[in-house]
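Colleague: Residues per chain, in single letters:
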Amino acid sequence: MSRFALSVCVVALLGAVASGAPETNSPSAAAKGRAIAVEADARDRGFGDSVVELTMTLRSADGRERVRRLTWQTLEVGEAGAGDKSLTIFHEPRDIAGTAFLSHTYVARDDDQWLYLPALKRVKRIASANKSSAFVGSEFAYEDLLSDEVDKFDYEWLRDEACGDLTCFVLERHPRYSDSGYSRELVWIDQQAYRAMRIEYYDHKGQHEKTLTFADYRQHLAQYWRAHSLRMENLQTGKSTVLSMADYRFRTGLGERDFDPSALRRDR
Amino acid sequence: MKAVGRPILALMFILGAGSGDAQSAEWSGFASLEPRWFIDRPLLPEQPERGVSPSAVLAPELRLSWNDGDDRITLVPYLRFDADDDRRNHGDVREAVWLHVGGPWVWRAGLGKVFWGVAESRHLVDIVNQTDLVEDIDEEDKLGQPMLSAERWTDRVGTFTAYLLPGFRERTFPAPDSRMRGRFPIDADAATYASNDKDRHIDAALRWSHVIGAWDLGVSGFHGTSREPRLLPVEDAAGSVVLVPRYDLIDQLGVDMQYTRGAWLWKLESILRAGHGERFGALVTGFEYTRFGVGGSSADLGLLLEYLYDGRSVSAPPTAYDDDLFVGIRVSLNDIDDTTLLAGAVLDSSGTVAFVEAQRRFGSRWKLEIEGRFFAGIEESDRLLGGLRKDGFINLRLARYF
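Top line first, the protein sequences correspond to chains A and B.
Counting from 1, one number per residue, gives the positions in the first sequence under this note's numbering.
Counting from 1, one number per residue, gives the positions in the second sequence under this note's numbering.
Because the hints were derived from the structure by calculation, they are not lab data.
From a predicted model like this one, the values you see are computed outputs, not experimental measurements.
Certain hints may be false.
Claimed, not checked - Keeping only pairs whose Cα atoms sit at most 20 Å apart, straight-line, the calculated DMTMM-like set for lysine to aspartate or glutamate is:
hint	chain 1	residue 1	chain 2	residue 2
1	A	121	B	139
2	A	32	A	151
3	A	124	B	140
4	A	124	B	138
5	B	390	B	46
6	A	121	B	71
7	A	121	B	46
Put together the whole structure using the sequences plus the hints.
Modeller: Take a look at the structure:
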């Protein structure tokens, strides 16, 4: 275990002792952690579908910037065992305009993913073992964007602490799915609205690899909170990626069929 | 997205876009310089002496959309200017198609493009569009095909598509005095047909595709004029041999499937074809395996292996893929400029055809690609590749996207 990870544990332990809460690793810390994740998920239920225009700014260690523009469509899937479906269509850079990425996530089995290459008119099923791979050269791995389902992790509540003006639950979660690039993740969730405020990703050596911070939260349909700015910083390489969302649209009428691989062909 | 002037909006109005909802018009496309350097001196005296052959492409794309995207028109002209090959100096309409989405149906009418299949080394089942062979011998470039198609999506049993294909496009071939032409010159203008309707025979195709868990499945049928011609030797007025394309009427049944598990893609494409004399079958099968994040980097490394078999006899159009092995590697650096490399070789007892394709973006609108194609160990007597054995090249492509 790295020095850093160790110090996190020590802090967690101290916090637990100070507040009289049960020690970490205990069954109740696991139950509490999971209950927080379940509550956060429950509060986001029923949004139906959403569409958002997204700008992704990639910054290299030497400060060069590249911009990707895309439309991100999400369909909520009600069935047990199934996660959301998402369709990403690129607009910029221009040479990949019309390229689309479709993902069907599942809890207990591998996700299904397809890529649409408009120049060839080809729909290609791709390996979803790409979880730890970089999404279009960004600091977001596929799993950072697509695997946020409650049952994809084991949880543990660590402590409560201030996060900006709010108070956050701090959870540790471990991916249960194969091919993850992480040994564990620390998640800060605000106690008021159960929104993720920050995630720290630790690699398989236990080293702190990346930090994701969520900002500019706005509430939609008087219920659903969406961060309109996400910043992923890679502490090991000095690279970063910022996602900024234009306004979300909800319940636009998208259905199962719009997320079928055969629908990719009609888009471009 | 750029606004296009009033005439186009007027056109959209005429086409039924009167309600004014979510109309859009978008220009895109690219212009490129594509010099090609031939590594060896030409085999024949009539072929151009110079090693570097200049070439350029202009390919604008116009997309109109209305009725909330349920009606779309796509227009993609394609122009290549080539200094050394009269036939490669050509234009085409890659797409000029109207698409209409109505409930579970998708309709297409016009010049369109369709791709079927899963394999990388050879697209066996893909038959709707004619190959634009002057672009490249990898058969990846296609001519726009006149079509009327109806696609029906179903929730449980997959997607069915029927195609009516009025009007046949002849395969393009390099000019007799250019590189990549092969051992004998091809007189494409003298092409003959099995059908009395010649290039006006109405072809038809059907396809079913479906995803069942880890399986992506497709079954297709085609009846009509073969996209691949036989090449018949005839003597021209001067008494030398020229090859004349002959387009047979064929029936083809095709199956393609992919099984995706973990980092593995397992692929199979197979056809059964009748119409060129004896009926024959062909297949390509293999896998693609990817190591994500090799050596702790952000790069992905893919390994490809495919076996190719083709049982056709000499009465059918010739193929290089009778009993071959394809090996390839794919590297994606996953850097901010999307640098990728694909290299591979088709190995056969009678020689090797190898290729490498590398590309990277510069800024947001420029792209540089290097493509090389190499022939090794090919006998002079090889029916298909013998005449190409000195035509290995390196193609540079600098493209500006707009």
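Colleague: Against the structure, test the hints numbered earlier, and report the numbers of the ones violated in rising order.
Modeller: The structure breaks only hint 7.
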